[in-house]
Each structure stands twice: as C-alpha cells, then as structure tokens.
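Chain order of the listed sequences is A and B.
With the first letter of the first sequence counted as 1, position 633 gets the number 625 in my numbering; the numbers rise by one all the way through.
Counting from 1 along the second sequence, just add 3 to a position and that's the residue number in my numbering.
Keep in mind that the hints are not guaranteed to be accurate.
What the hints assert, rightly or not - Straight-line alpha carbon distances no greater than 30 Å define the calculated DSBU-like cross-link-like pairs of lysine-lysine that follow:
1. B:120 / A:698
2. B:33 / A:612
3. A:698 / B:33
4. B:89 / A:612
What the hints assert, rightly or not - Residues of chain A clear of chain B, computed beta-carbon distances all greater than 12 Å:
5. 104
6. 249
7. 430
8. 582
9. 609
10. 714
Keep in mind that the hints were calculated from the coordinates and are not lab data.
Using N, Cα and C, we set each Cβ at its ideal position, and we do this for glycine too.
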Amino acid sequence: MKLFLTLDEVSEQYRLKVGGKGYALSVLARNNFNVPLTLCLTTEAYRQYVSATGLRERILLELNRKDFNDMRWEEIWDASLRIRNMFLTTDVPKHLRLNIRNSLAAYFDDKPVVVRSSSVGEDSAQASFAGLHESFVNVRGVDSILDHVRLVWASLWSDAALLYRQEIGLDVGKSLMGVIVQEIVEGDRSGVIFSTDPNNPSQLVIEAVHGLNQGLVDGLVEPDRWQIDRAGKRIVSHTPAQRESLVVSIDVGTRLESLPSELRDRAPLSDDEVIEICDLALMSEDLFGVPQDVEWTIRGGHLMVLQSRPITMIGEAQKEDKKRWYLSLRRSYENLQSLRKRIEEELIPGMERDVRQMAAQDLSLLSDRELVSEIRRRKGISDRWTTIYWEEYIPFAHGVRLFGQFYNDTVRPEDPYEFVRLLGATEMESVERNRLLESMAAILRERDDLRDRLIHGRYLEVGDKFLNLLDQFIVKFGDLSCPTTGVVQCNQTPEGLIRIVLEMASHPPTPGAFATEDLASLIDKYSHRFEGERQLLAMDLLDLARTSYRLRDDDNIKLARIDAQRIMALNEGKRRIENHDGRLPDAELVGEVAVGSYDPEVISPVPLPLEEVRAGYRIKPRQLRGQPAGPGVAKGSARVVMGSSDLLEFKHGEVLVCDAVDPNMTFVVPLASGIVERRGGMLIHGAIIAREYGIPCVTGVTDATKLIRSGDLITLDGFLGIVTIGSPKLP
Amino acid sequence: MTQNLAVLATQHQGQPYSSLMAFVATEDLKDLYVGTSRSTRKYSYLTSESRVSLLIDNRSNRDADLHEAVAVTAIGNAQEMVESDKEQFLPYYLSKHPHLQDFIKAPSCALIRIAVKAYYLVIRFQQVMELHIGS
C-alpha cells in the first residue's frame, strides 16, 4: 500500500485508506470542481507509525485503565492529553520519515500548506466527525508538515473524538487516520454553505467572512448570513454581521486582525456570488446524494472548494447528554478572556455581596412568615449561583486545558503535566486556610498547658494569641463542618475545628507542606522559549491559565459559603420548630424546612458490603487501579470520608479515601499521608491540593469508597496509580 | 478455566522452580489437578514442600496482552492422589486432555490435587481481586 495518493489516484477502493475528506475531494476533482492541490497521506502511514513505535499498545493500555463508561469527562481529557503527548514525544521512524519527506518535498517544497485530518468512516451522514479532529493552517516546510501530521494523528484520540466514536459504537481500538496535505489558498473571502439548512430543508444557508475561513470555523469572526430558497434559487434573507475583524496568514500560522475600514461596510459576497456558491453546493449534494456542508473560498474572483462533507444532524436527545455539554467547553482564547473579565469583575464580587448581605441579617428578628420567605429567597440565590457555576465557572476552567495543550505542543515535555508546575503556588484560599491551621497547631506544639485546656473544653483559657487566630479562621472560613459535601447540619461550636488543630499539634508539621518551587525561575525558563509576538501570547495564555486554576478552587468555596447562608436560615427554622414552647409551629415553616432539608445528593454514610461471602468463598479487592495524580508512596490506615462526621474523626497519618475531595474538606489534608479519590482527573481539586502538599495521590479509582473500609491498611503508589489493600503477607 | 496449560511453581530450599503443565479445575474451583511423572524435579519438590502456586493466563504473545490478557495466580497445597482416587477422577481429567491418555494412565505418573486456598485475579494490567476459598 502506498503512503501517499494524489487525488487522481484515489478511487473507490482506496476510500478507507484516505479517509472521508480525501475521498470527497477526489470525487470533486474528477467532476471538474476547482479544488486546491492535495496529497492524501494514507492510513498505511499511520499504521506503520503506531506499529513501529509501539504507540498502538501504549494507547490501548492508557484507554484500558478502566472501563470507558466509568470515565468522567476529565479523565477522558487526561487520557487524551497523555496520548497526545505520546505522539508529540515519539518521532516518526527514520525509514518512514524519509519516504514521507520525499513525497512531500516533490509536491510542496517550501509552499505553505494546510494539514487536515481525514478520518476513516466520517464520510457518512451517520458518522460525521465535523470539527472533532484538528486542522492546521499555513504550515511551511517538510519537517514542520511532518510535525503537524503527528498532531493530526494524535487528534484521532482527542476527548471529543473518543466520546463520539464511543457514542456511535465504533471500535476505538481499530481507529485509523488519514491526513490530507493541501496547498493553502489565501482567499480574500471565505465561508461555508449548507446545501440544506437543517432548520429549514427548503432553503440553503451561507455564512461568509472576509479573509480566511479559520475565523469563521473557530468562531472568532462573526459571519454575514444568507438564506436562499432551494427551489427558485432566490435570496430570502441577508443578515449582515458587525464586520470588525478577519483572519489572515502570517509567516507561520494565522492571526486575527482588525478589518480595514473600507471592507466594514461591504458584504463579503455579491448577490451573484451567493447564487454561484449555491450552484456549487447543489452540484455537490447531487454528486454525493446527501446534503453537504461545503467549505469554500474566493481568491481573485475564482471560487474554490476546500472540502465537502455530509451535514451532521444534532438530535435533541444528544443535547441533553452531559458529556456533550462538556465538549462545548472547548473555548477559544478570546472567549475565555471575556469570560474571565465577567467572572473577576461581576460574578465574584456579586457572590461576595450576596454572602455579606445575608450574613448581616439577624434571622432571629424575623417572624415565622418572614423566615419562610427568607428561606425561599436564599434558596433562590443559591440556585442562581449554582447555575452560574455550571454555565460560566466550569467552562472557564478550560483556560488550564488550553494552556496545557499549548505548553505540551511547544515544549514537548516527557511529563504531560509538567505545565501544572507553572500554575502552582497561586494563593488559593484553601492553602491560606491550611496556613492558619498550621499556625494554631504551632502554638499548641510549644504549650502543653494550652493543649490540656483545649482537650478539657476550656476554650476561653487558651490565651489571646490562639483565640485570635481561631476567630480569624472562623470569620474567614466559617464553621468547617458546616458546608461540607451536601451535609445539611452545622455544628454550633468550634469543637470540630479544635479537634483537628489538636491532632495536627500532636505531630510535627508536615515536611514540605508549604514548600513551593521557585516559580519565578520556572516562568522565566518558559518565557524564554518564545520570541517577539509569540512570547506575548505565551505569557497571556499563562496568565489566563493561572487565573483559571486559582478560580477552580475559589469558586467552589464561595458557592459553599452561599449555601451555608441558606442552611443557616433553615437551621433557624428547625430551631423554632423544636422549641415551639407549646405553640403549634407555623405549618408553612414546617413544610419549608422539610423541603429545604431534603438533599438527594447526600451520600449514604453506610458503605456497601464489600466482601462478597457466598457458599464458602470470600471475594475481596487486593489492588485497585486509578490514575497517578501525586507522586510518592504512602502507607497507612484508610479513613473513608463520606460526610462531615468522618472528617472530624480524621487522624494524623491516615489515608484519605473519598468520593471527591471537596475544597471544603481540605483542612484534613495536612493530616493525611495519602489521598485516594473515586473521581478521576489530574486537575481536580484533590490532585491539585495533594501536589501542593507533596502528598501521594491516586484518583479515578472506581468504587474506591465501596471497596475500601475505614481501618484497612492501604498502600498507595502515586507514581503508578495503584492502591493495594491489606498487608503484603499471604494468608 | 478453559485454558489448557498453566505454570506450576514449586520450591526447594528456598529456590522457586516453575514448570508448564496441563491442568484441570473442578467446577467449584476449589481443586486443581495436574499430572507429573514421579521422577521429575517438580514431583520431588512438591512432595517435600506442599505449598505451591499455579499461574493460569490467556496471553496470546501479542502487544495487546498488556491490556487484554487476564492472569490468575492460585496458591494452595499439593497432594498426590492415592491410586483408587486417581482412577475415579481420570475420566474428568481426560475429558479436557484426551490426548494425554497414555501419559496420565502410566503407573509412574502421579495425579496431584492442589487444594486452592486463594486466587488472585489480575486484569487491566494492574487491577487485582482476591478470591479466598473456604473462609
């Protein structure tokens, strides 16, 4: 099988070798459509590359760590990131490299090209991979093309592509990728046309921009839009855009620029051109027999087809799927910048305002009726912020992903998570909180007398220094046990907090707990990899990622603080119902408190039976697999934390085992020798905090809280992502 | 337990020794049976030290084994069956290994019963579950 095929050489029999996009272009070329010079790199090249380098099995090992259906979107992203890095750090073997180089040099030499994915199986309406794989515009020189070919190959394993193939039931293990290398056409106007508008089958729809298509495809440039009647080929409507920018080629890659003023008032297409493009789309639809999504460009008055593919129909059912929603998290840099502004300038101050306003209210002065409406009002506030959390804060977390990908693409480190080191040591609230705890513990370590008084409940006799810190802590962070993972009760005394501080004080401070790497020199090293404009972009991206990383924690804590205010109003209601002094409690209040206290999210505190005993057998877990999320090896007694009471029991040296480390749980982290988390991901809170403290951590352990019991001796290997239960001695 | 062969590990004065063996398992998985000539090293080892281990796996000698292969380690006590018990058990053994008829029926061939104490099942490269028998 040849590594390269020209469009003339591609016939039906090679359809599966060149992939959907390449095949469609060959059909168009044969039927006299104007298409750019294109070379198809066959799936054979991909196959040889992953076989000769051993990548094939490395990918499958990565994807088979656990059942795909048990993976959360963050784990899928992690797997995808690691796989992408395998491609980045694995060179194309010499003989294959030479073969590919020769063909490329013969056709393109030093001409700028586009490197596009052309995946197998995407040329049917049921399986259109539109937008799932990557394309790179304006790549120059044989070595650079080869480099980008690897990135396109890697995009076969992007999180979006993995989820999509899973959803339509394609065997992930058998996936192959073709690539097309295409001469770049620097169109002065570009766009897409749908030969059948999915929302109105009697019409065609065109979107067009000045400049390159990249602006439209990436959502950076707002397009003009035309609806055209299919039957009469008549323009039904034209919706002009706020024409402000365009994407142009620069030396390497593309750039978003301000649109010259003379073009701002000019629609990218004349009416005649609109009809010409319609004819093109209808011919393509005729040729392929199904409605087409055609990407086109016009250069010097000549219309060219860049690609044509079947239209992806997105069903209503798919919109409901949460995983799909997560895919929408792929945000552009510009989009994230504006989101950041809104979060920093409006949302966070808004949350703080709401908390202050609620906290200032004296609930005991309200009548029962007023309390009922206050409980409802607070529920409304809490719900509103929860919605904002999902719709704006979580998408903003994508800033970290964007940076991670950029860092790996340019630096190509062995460890795909090296970039996290540049994000660390930011002043996260939880770190600040733990510092305060440590200061309190430090006082007690030196003063046995104070310790004794605390143990015997004589809080007021421990001296101003300690009490001030305690006050400072409670004012800043509230009652520790109150807003923890869906637990609706709050303790009224600082007993829990004091118990934790006492436990901390009975042991030396955790070594390296607050040690941070020399961030300045790390950033310096990073910045010097780039020059000029690229350096500015690199630093902007880092800044965005650091903000995104910091907010991941702060937003959780702030949201919990809002909910704590709702719970306080509820507790006031409960108190009144319990101490009603012989009067009948207000019926509406009773109802409201009952409804407010119901929390379907509360996890059952009773662990499921984990040892199955039947007919003389006993089955138990021995070694569980997860993801390595914090390096190091730890051994200790497990503490399975399902609710706030488990947290207060936490002893020094125990291994924290939980469903998910909530930011409100992190005060026990300085006590823990290791962390095991069911929820997976390298960038989730537990993993972040573990790395900050230098505590070994394994995440993504399926059924961790069911298979491990408090008191089990466990050994966790944070290098390999393995948790071993019990002693190594055989029975 | 559809595999035909397994690796038996015996030991002598602290030196482990492993051998590829045909085996059968009882339906309830409590016992595993292997046959060996009494003149072998493994036979003398397992008669002096009855604690043995058996590895059963489905590897196919391809890269994919790393993520696909399943391996089971059994530990237990080996004991040679007396002649009358051997006779009784032979049909079951031969139903799985008919081509070993001459071998297993030979007077010099011992049928060894391994009473399994526990199984350790390894899947997905590093995921391990234990199955303890009779406790």
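Next on the checklist: So if I understand the rule, the pair passes when the alpha-carbon distance is 30 Å or less; does residue 120 of chain B with residue 698 of chain A pass?
Outcome noted: holds, 25 Å
Checklist entry - Non-interface claim for residue 430 of chain A: all C-beta distances to chain B beyond 12 Å? => result holds, 36 Å
Item to check | Given as non-interface: residue 582 of chain A, which should sit over 12 Å from chain B by C-beta | outcome: At roughly 49 Å from the nearest Cβ of chain B, residue 582 of chain A sits farther out than 12 Å, so the non-interface label holds.
Next on the checklist: Please verify that the nearest CB of chain B lies beyond 12 Å from residue 714 of chain A's CB.
Outcome noted: violated, 6 Å
Item to check | Distance rule for residue 249 of chain A, whose beta carbon must clear each one in chain B by more than 12 Å | outcome: holds, 48 Å
Checklist entry - Regarding the pair residue 89 of chain B and residue 612 of chain A, is the alpha-carbon distance no greater than 30 Å? => result Violated, because 34 Å separates the two Cα atoms, which is more than 30 Å.
Item to check | Whether residue 104 of chain A stays farther than 12 Å from all C-beta atoms of chain B, as the label says | outcome: holds, 38 Å
Checklist entry - Are the Cα positions of residue 698 of chain A and residue 33 of chain B separated by 30 Å at most? => result holds, 27 Å
Next on the checklist: For a C-alpha distance cap of 30 Å, please report whether residue 33 of chain B and residue 612 of chain A respect it.
Outcome noted: holds, 17 Å
Checklist entry - Can we trust that residue 609 of chain A is non-interface, i.e. its beta-carbon lies farther than 12 Å from all of chain B? => result violated, 6 Å
Hint check: violations occur at hints 4, 9, 10; the rest are consistent with the structure.
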